[in-house]
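Letter by letter, the chains look like this.
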Amino acid sequence: MGSYAGIVIGLMVIVVIEVILTYQHLSVRRLVFSLLCLACLEAFVGIMYLMHVKYESRLLFWTIFPATLFVLVLLNYLWPDAYRMARMSLGK
Amino acid sequence: MSESELTMATGHEVLMEASPYHIEKKKLGMWVFIVSDACTFATFLFGYGYMRVGSQNWGTPFEFSSILNGIIMTFVLLSSSLTMLAAVRATQAGQKASANKWLGFTMLLGTVFAILHLREWVKMIGEGWRLFYNPMGGAAQFGACFFSVTGLHLTHVISGVIALAFIVRGYNQGRYDESHVETAGLYWHFVDLVWMFVFPLMYLMNAAR
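Protein chains in written order, with the working numbering: chain A, 1 to 92; chain B, 1 to 209.
Possibly wrong hints are sitting among the right ones.
Stated by the list, open to error - Calculated lysine to aspartate or glutamate pairs in the EDC-like style (CA-CA distance at most 16 Å, straight line):
# : chain 1 : residue 1 : chain 2 : residue 2
1 : B       : 27        : A       : 56
2 : B       : 27        : B       : 177
3 : B       : 27        : B       : 178
4 : B       : 27        : B       : 37
5 : B       : 25        : B       : 177
6 : B       : 25        : A       : 56
7 : B       : 26        : B       : 177
8 : B       : 26        : A       : 56
9 : B       : 96        : B       : 177
Claimed, not checked - Derived coverage of chain B by chain A (criterion: at least 3 residues anywhere in the stretch with Cβ under 8 Å from a Cβ of chain A; other residues may be distant):
#  : stretch
10 : 16-23
11 : 83-90
12 : 178-190
13 : 196-208
Hint data in this document are derived by calculation from the structure and do not stem from the laboratory. C-beta: ideal position from N, C-alpha, C; glycine also.
Modelling step: build the complete structure from the supplied sequences, incorporating the hints.
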C-alpha cells in the first residue's frame with residue numbers, strides 16, 4: 001500500500017501546484033494549458049497505477065487509449081466556431 | 001487452439017474462447033462503460049470551453065473560500081481512492097473485516113465529498129446563481145455550465161456510494177467476490193480522475209484573481 005499512498009500524495013501535490021499556478025497572474029491561455037497538462041498527467045498516473053492498466057494486457061491499453069484520444073481530438077473541431085462567436089460578440 | 005485457451009461457459013454446452021484481454025467480462029464491461037462515460041464528460045467540458053471562449057464577459061466568481069472548499073473536496077476524493085485500493089487488497093487477501101472497514105471508509109469519504117459539494121451549491125444558489133442567471137452580471141451560461149458539469153460528476157459520486165453499499169451487502173452475503181469489488185474500484189477511480197479535470201477547469205479557471 002505504501003507505493004499507492006505515494007502516488008495519491010503525488011496527485012495531491014499536483015493539485016497544490018495547480019492552485020499555486022492559478023494565483024500567479026498567468027494569461028488565461030497559459031493557465032488553461034498548464035492546468036490541462038497537469039490534469040492529463042494526473043489522469044495518466046491514475047489510469048496506469050490506480051486503475052492498474054500498467055499491469056493489464058497491453059491489448060487493453062491499445063484498445064482504450066487510441067479510441068478515446070480519437071474522440072477527444074475530434075471534439076476540437078468546435079474551437080473555430082467558438083472563436084467565430086467571440087469575434088461576432090466583439091462586432092468584428 | 002489449445003485446450004487451455006478454451007473455457008466452458010457455465011451452464012451452457014458451448015465452448016468459448018478466452019478473452020484476448022485476459023480480464024473478466026465484468027471488468028471489460030466496466031472499461032467499455034468508462035470509455036463511453038469519459039467521452040460524455042469530455043463533451044460536457046468541451047461544451048463549457050466553447051461557451052467560455054465564445055463569450056466576452058465570462059467573469060471569475062470563485063473567491064478563495066470556494067477554491068479552498070474545492071481543494072478539500074479533491075483531497076477527500078483522492079483519499080477515497082486510497083481507501084478503495086486498500087479495500088481491493090483486503091478482498092484479494094480474503095480479509096473480510098478489513099475489506100468492510102475500507103469500503104466503509106470509501107463510502108464515508110464519498111458522502112463527505114457530496115456534502116461539501118452540495119454545500120457549495122447551496123451557497124451559490126443563495127447568492128442568486130441559477131441555471132440561466134448570473135447574479136454578477138456576466139455570461140448567463142456560467143450557471144448552466146457549472147451546475148451541469150459538477151452535477152453530472154456529483155451524480156456519479158452518489159451513484160458510486162450507492163453501488164458500493166450494494167457491493168458491500170453482496171460481498172458479506174457471499175454473492176459477490178473480490179472481482180466485483182475490484183470492478184467497483186475501477187469505477188470509483190474513474191470518478192476520482194474525472195474530478196482532476198473538473199476542479200481545475202470549473203473552479204481554478206473561474207477563480208477571482
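Checklist entry - Given the hinted pair residue 26 of chain B and residue 177 of chain B, is their alpha-carbon gap at most 16 Å? => result Roughly 12 Å separates the two Cα atoms, so the pair holds.
Next on the checklist: Just to be careful, I want the Cα atoms of residue 25 of chain B and residue 177 of chain B compared with a cutoff of 16 Å; is the pair within it?
Outcome noted: Since the Cα atoms of residue 25 of chain B and residue 177 of chain B sit roughly 14 Å apart, the hinted pair holds (cutoff 16 Å).
Checklist entry - Can the restraint linking residue 26 of chain B and residue 56 of chain A be considered satisfied, given a maximum Cα separation of 16 Å? => result Answer holds: residue 26 of chain B to residue 56 of chain A is near 15 Å, not above 16 Å.
Item to check | Stated coverage of the stretch 196-208 of chain B by chain A [criterion: 3+ residues, CB within 8 Å] | outcome: holds (count 8)
Item to check | 16 Å Cα cutoff - pair residue 96 of chain B, residue 177 of chain B | outcome: holds (10 Å)
Checklist entry - Taking 8 Å as the C-beta cutoff, is the stated coverage of the stretch 16-23 of chain B by chain A satisfied by three or more residues? => result The restraint on the stretch 16-23 of chain B holds, since 4 of its residues have a Cβ under 8 Å from chain A and three suffice.
Item to check | Per-stretch coverage check for the stretch 178-190 of chain B, three Cβ contacts closer than 8 Å to chain A | outcome: Since three or more residues must qualify, the claim that chain A covers the stretch 178-190 of chain B holds, with 3 doing so at under 8 Å.
Checklist entry - When you check the alpha-carbon spacing of residue 27 of chain B and residue 177 of chain B, does it fall within 16 Å? => result holds (13 Å)
Next on the checklist: Can you confirm whether chain A covers the stretch 83-90 of chain B, using C-beta to C-beta distances below 8 Å and requiring at least three such residues?
Outcome noted: Answer holds; 3 residues pass the 8 Å Cβ test.
Checklist entry - For the pair supplied as a hint, residue 27 of chain B and residue 37 of chain B, is the alpha-carbon distance within the 16 Å limit? => result Between residue 27 of chain B and residue 37 of chain B the Cα gap is close to 15 Å, so the pair holds against 16 Å.
Next on the checklist: Checking one constraint from the list: CA of residue 27 of chain B to CA of residue 56 of chain A, max 16 Å. Satisfied?
Outcome noted: Roughly 11 Å separates the two Cα atoms, so the pair holds.
Checklist entry - Are residue 27 of chain B and residue 178 of chain B close enough, with their CA atoms no more than 16 Å apart? => result holds (12 Å)
Checked against the numbered hints above, the structure violates none of them.
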